[in-house]
Amino acid sequence: MLTYVARRVLISIPTIFGVATVIFLLVRLLPGDPARTIAGVLATPEDVERIRQQFGFDQPLYVQYVTYITHLLTGNLGVSTRTGAPVTEEIFTRLPYTLELAAISTVLSILIGVTLGVIAATRRGTPLDLLISGLAVFGLSMPVYWLGLMLIIVFSIEIHAFPAAGAQDPLGFVLPSVTLAMFSLALVARQSRSAMLEVLGQDFVRTARAKGAPLRTVLVKHALRNALLPVVTVIGLQFGALIGGAVLTETVFSWPGVGRLLVDSIFSRDYPVVQGVVLMLAVAFIFVNLLVDLLYAYVDPRIRYS
Amino acid sequence: MPIRKLAFLLALGMAVAACGTGTSSTTTNATKHGANLNVAIGIDPDTLDPAAQTTTTASQVVDMMVERLYTLDSNGATQPQLASDFPKTSSDGLTYTIPIRTGVKFSDGTAFNAAAAKQGLDRLLNAQTFKTQPGVLSVIDTVTATDDKTLTIKLKSPFAPFVAALTQTNAAILSPASLTVQGNTPAQVKWPVGTGPYVLKERVNGDHITLTANKDYWGSQKPNYDTQNIKIVPDDPSREALIRSGGADVIVAPPLSDLPALAQDSSLKVLRAKSDRTLQIIIDTVDTNQPLLQKVEVRQALNYAVNKDEIVKNVMFGNAVVLDAPMSKTLFGYCPVGSNYNFDPAKAKQMLQAAGASNLTVKLGSPTGRYPQDIKVATAVASYLHDVGVTVQGPQTSDWPTYLGHVNVPPAQAAFDMHFLGWAPAYLDASQQFEQFRPDRIPPKGLETSYYSNTTVTDLVVKAGAEVDQQKRKDEYCQAAKQVWTDAPWIFLYNQSFPIVYSAKVTGVGAFPNEKFDTRFAAPA
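Same order as they appear, the protein sequences are chains A and B. First residue of the first sequence? That's 396 in the numbering used here, and the numbers climb one at a time after it. First residue of the second sequence? That's 709 in the numbering used here, and the numbers climb one at a time after it.
For reference, chain A alone in the conformation it holds in the complex (with noise of 0.2 Å):
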């Protein structure tokens, strides 16, 4: 298990490099100057040139990309052309919002989406499948901008009761969290109810049922265990994309998370943190990767690794 863990993290230093090598030549291929954005339309031409000279546009490629290297090998992301602070804390200051997001809205698709699902899949061919089965694709469907201002214009502007936009308020979170669940929600569901249906199907569950097992017993213990891998895979993968991916929740609600530091940073063309915050996301996938492969042998032991 260990050795299997160390042998992962090891095949993913070539990968994290070659992405650090892939995002810093990407950046660079994007058009317009990243100079004379910062500088504005209005700054001088020794204005724009200094700004180059400072944050070292002048250089060649090659002389970039070996400072860009070498600092990576000792931890260091570079600094923010936008504020001029470190990447690694221009990060970390907005990695917390994004996390607390993403976290809460996993919680609330496992929670509902296995669910849902089950009772789906359970009720296969009812109005209650069907009303489920439509809601989930309701849910994957729905534009999340669209979802954001209905929200808003409820529970913001009629009711009152939860704040329209920022993380200031201490109830700032509700509305995101729950407009980035709907769509993993509705994914979760919707893998729940056939990961189920398959189960549901086979040899064991009918014979679980015919030596007088209790159906709540068939169900948890039999046969949602065994329909749980491929939810777990989705969850998974759905996790490590909502902590990059909620890019529109993050500016509907403005949120201050990573996907919209990104976004700022692409458009003011902050190439240190578009690869820092990049960076970090392949990082942050390899890892929630391997943890998902870990949890198979957990949720299914007849997994093992050597």
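FYI, nobody ran anything at the bench for these hints, they're computed from the structure. Quick caveat: nothing in here was measured; it's all calculated off a predicted structure. Certain hints may be false.
Pairwise CB distance ranges, derived in the manner of DEER restraints [as the list claims (entries may be wrong)]:
#1 B:Asn997 <-> A:Pro491: 26 to 34 Å
#2 B:Pro1147 <-> A:Phe533: 40 to 48 Å
#3 A:Phe662 <-> B:Ala1123: 18 to 26 Å
#4 B:Gln929 <-> A:Ile548: 32 to 40 Å
#5 B:Gln972 <-> A:Pro491: 35 to 43 Å
#6 A:Pro440 <-> B:Ala1123: 51 to 59 Å
#7 A:Thr469 <-> B:Val978: 51 to 59 Å
#8 A:Phe662 <-> B:Val1117: 18 to 26 Å
#9 B:Gly1077 <-> A:Thr416: 24 to 32 Å
#10 A:Arg601 <-> B:Val912: 55 to 63 Å
#11 B:Thr888 <-> A:Ala401: 41 to 49 Å
#12 B:Lys1021 <-> A:Glu553: 29 to 37 Å
Even for Gly, the Cβ is constructed at its ideal location relative to N, Cα and C.
Since the structure of chain A is provided, determine the placement of chain B on it from the hints.
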């Protein structure tokens, strides 16, 4: 039990939400003092260091804390702020002797004097200062504190709008003692300390900036709210939702299409503040792909082809005035140039035909999301041009930095025949507007992207730039403007306004004509 819990949570939510609106602890006496004012703006300030300011949004936040030697009044005229009067200028226009206000203290308790003012300007000019943007102020040669209350500034060359240029936020004076505390270094200031009516209390990047009142503010007007909480809400509809839900008391730049509805709401007030931003379709006047655009008559015809009144009314929802000069009315040096390019498609068609341009084809570019309704305005222009027989490719569009990258190129690399752009001088003087019409500002030296060149205009502008006599300067800019108008390097569109929406419970919300809101002395109504 769960229902009870739910009810409790709901009640808690409402209670917190109610506290969140928290403006009005109005006392009954005349001072009208308030606890907190929530202001929502659209852009997260990149830095609060005055020397590195590039956007009005960040500048207006800095202006609440840090002041300059000169400032604008609400009409856009230059007024002394930390200077006690206008400067004495030497006859050669090179030396400015500025009297400094006495008895003013920075919010950290240290005294403001000429030495502090010198340090502020020196810091702006120092190439080591992080992202410093002296801009036109790099015309300064030396700054000397002659004594505590006199500052002498020598220029490298005469620069007539110098005092106006000192009203920019980058010329703001920080407390010298503050340059080494709160994470500040002389090269980079994260925590600005100035003489302004508000003091920085807290900043959460991307979420909010909280300011507290400077109890010892020197000015005759005093801050009336204990705190001002500036929320960063990038999405226009979200800012609107915030003020409708009571989460903000003042919002800047709501969606233009909703302004009529917001104006109907009796609990809200709409201020359509003046702006100095002109919006135009810039024509490539040396176009080699479409040489017909090099002809003055063709460019004039394009001006007659576009119905600007309709665009202002229907696309800008009335939040603009049609240009009657190549600059906004708020600038020093403005004069109406007289002949308007009134919408006349028949005339446009006839002029195009006479110029041999009846089958004109042009490629049009426009940014998306940079200016209110930008791509929609460009689309409307394209349709008007189509009506007079011009084939328009586009508008081709992209995000701002990409677009700027396409537009900010020397003539040989021009990507479009015509492109949509706005221009808003940072200080309210025609000299910066004419950067758009000077051949020595053609990229890469500047952003004169019409590549327009007319020696009459250049001579007048250069002369006005060094002219000491203000009336003469005004006349020179006026003459130059008339020539530009005739030469039509742009399709002149409109001067937009800068809408601010605020709660009827608040009074004293104002603005400066360079797209800065002013809540410094706002008070409960």
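Phe662 of chain A versus Val1117 of chain B beta-carbon gap, inside 18 to 26 Å or not: 20 Å, holds
C-beta pair Pro1147 of chain B, Phe533 of chain A: status relative to the range 40 to 48 Å that was hinted: This hint is violated: roughly 60 Å between Cβ atoms.
Ile548 of chain A and Gln929 of chain B - C-beta distance against the hinted 32 to 40 Å: Since the Cβ atoms of Gln929 of chain B and Ile548 of chain A sit about 38 Å apart, the hinted range of 32 to 40 Å holds.
Pairwise beta carbon distance, Thr888 of chain B to Ala401 of chain A, judged against the given window 41 to 49 Å: 47 Å, holds
Satisfaction of the hinted span 26 to 34 Å by the C-beta atoms belonging to Asn997 of chain B and Pro491 of chain A: Distance hint for Asn997 of chain B, Pro491 of chain A is violated at roughly 52 Å.
Ala1123 of chain B and Pro440 of chain A - C-beta distance against the hinted 51 to 59 Å: At roughly 20 Å between Cβ atoms, Ala1123 of chain B and Pro440 of chain A fall outside 51 to 59 Å, so the hint is violated.
Whether the CB-CB distance between Gln972 of chain B and Pro491 of chain A falls inside 35 to 43 Å: Because 41 Å falls inside the window, the suggested range holds.
Whether the CB-CB distance between Gly1077 of chain B and Thr416 of chain A falls inside 24 to 32 Å: Check passed, 31 Å falls within 24 to 32 Å.
Cβ distance range 51 to 59 Å for Thr469 of chain A and Val978 of chain B, holds or violated: 54 Å, holds
Range hint compliance [Cβ, Arg601 of chain A to Val912 of chain B, 55 to 63 Å]: 57 Å, holds
Consistency of beta-carbon spacing, Ala1123 of chain B to Phe662 of chain A, with hint 18 to 26 Å: 20 Å, holds
Consistency of beta-carbon spacing, Glu553 of chain A to Lys1021 of chain B, with hint 29 to 37 Å: 32 Å, holds
The structure shown violates the earlier hints numbered 1, 2 and 6.
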